[in-house]
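Asks: Make a model of the complete structure from these sequences and hints.
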Amino acid sequence: MSVNAGKNVTASRLGLGALLLLGIFAWAPALFPGYWQTLQGFVPVFNVGQYTPVAGIAVAPDLWRGAGSATNLLTQPWTILGFTPAAAVRMAYILAFMIGSCALYAWLRPIFGDRAAGLAGLVYILQPIFLTTVYLRGSLADALVLAWLPLAFAGLGSSSRQRGLDGAAVAVIAIIALWRTQAGLAALASVLLLAYALFVERHWIPVLVTITAGAAAAVTLLPFWSLSAQAPAVFADHFVYLYQFFDVRRLNAPSVAGWQDGYPFQLGFAVLAYGALALWGWMMSGRRRLASYQARLLGLAFGGGLLLIALSLGWSAGLWRLSGADQLLTYPWQLLLLAAPLLALAAGCLPVLLPELAAPPYWTVLVAVVVLAGYPYLLPTYTPVPPPARPLALLGANQLAILSAQLDEADGSTALDITWQVLQPLASDDNNIFFQAISDEGGDEQVVAQLDTQPLPADRPATSWQPGEIISGRYVLDLPAAPDDAKLRYYFGLYDWRSGRRLPVDGGIDDKLVLYGE
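Under the working numbering, the letters of the sequence shown match residues 373 to 890, in that order.
Source of the hints: derived by calculation from the structure; they are not laboratory data.
Just to be clear, a hint being listed does not mean it is correct.
Claimed, not checked - Simulated restraints, written as ranges between beta carbons of each label pair:
no., residue 1, residue 2, range
1, Ala787, Val563, 54 to 64 Å
2, Pro756, Pro833, 21 to 31 Å
3, Pro756, Asp801, 23 to 33 Å
Ideal Cβ placement from N, Cα and C applies to all residues, glycine included.
Replies: Dropping the structure here:
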């Protein structure tokens, strides 16, 4: 199946060595102390150790759009070893990088050789879509989709070439893990895997494995199909503009580099430049050197990758609506996750399609450029606030997570130091905080002191709060004289000052956070 350029490097391990060594750049930030600020906040941390079918802490449970039970598959070993939930999530991200890159290498090495496979693996984990899924969006479920999908490709390819059970078993495990991680993306990924089995492998074993594993996984989820919630965003409002794939302006300025989602959509220099050169090399002379199997795989990479990108653009809105597929995802641009391994494959084949670039000096330059191009996406913003295992309370419709609340009672006053994280932006600036001291003296509940004010200074209205942002406030109550043995409790919450309606707490269990003094 390999062309001559591939055969010359198949026995080498240079590509694998570079992938294992330089891949550290992708996951090294996850080893730094603390946790980074992401658009999903600490939600992955809150759901560690939850064995429910779909994550339900700080998010509305939703089978298709939500994070399934397998999302914590890679966190469980670390929690068993005594790691904190935050550390377990960081280790799971590291494993996602490793599994995804090594699986892509294992898939492509027998086909295109060591150096092409190693380059593709590096391009894959240093793509903007992979790095920002971890360090900007902070979605553990989406990161694991990026791990399981190449593993499924590798297993299907092996089951076809080797005619053995090992590859089929790997593919089955990966496909089931996809479905149990994020069912909506898995349904679309299964279509992609079936296209690969039919168009590229052209053998009944990978076709049967794909259909059987996907159907079995879907059947296991039948009892939970009723787990649905209102979409957290209007799907049609989040299509990508074409120019955003080529926008190379600063990543850390969401209003410039991203869009209304505060999320960048650059495909990255390596994918764009290497992919374009690979396509040119294939069209000019590579077709004469490629075996038919390789040509079919490259055809899927270029054609499938471009199709998935096109379906994230606004012109495809009608297709999404008519097919009902918009019920599977939160955002149409999540399709870029499925395109990522195909785009990495196309870029990684550059040394095969232009054999001169397979020489060690040129190949080393290609690898170095990939690492340098990924550097701007390796600068997460770390927060000094340690993620708690669980939020103290949730306000609104999972809009604010109270991380900590500390009362400081002194003669004549009580101060509340409270920290919360924004999970979803508030719709208006009409919310005030209330902080009350309550006495039960005489058997009746009495408000002995109360503070009503804007949560933050006027220059920080609620509509300016960004998802993932951590906000701290200090609120002081002046208390009247009270007997020394008087015990007070305190109420804290937010309310709409126009209507007086309070934001629900913990899904409506209460309308206030109750705190007790000493």
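Asks: For every hint, state whether the structure bears it out.
Replies: Consistency of the hints with the structure:
The given range of 54 to 64 Å is respected by Ala787 and Val563, whose C-beta atoms sit roughly 57 Å from each other. Between Pro756 and Pro833 the beta carbon distance is about 24 Å. The supplied range of 21 to 31 Å therefore holds. Between Pro756 and Asp801 the beta carbons are some 27 Å apart, a value that agrees with the proposed interval 23 to 33 Å.
Comparing the model with each numbered hint stated earlier shows that all of them hold.
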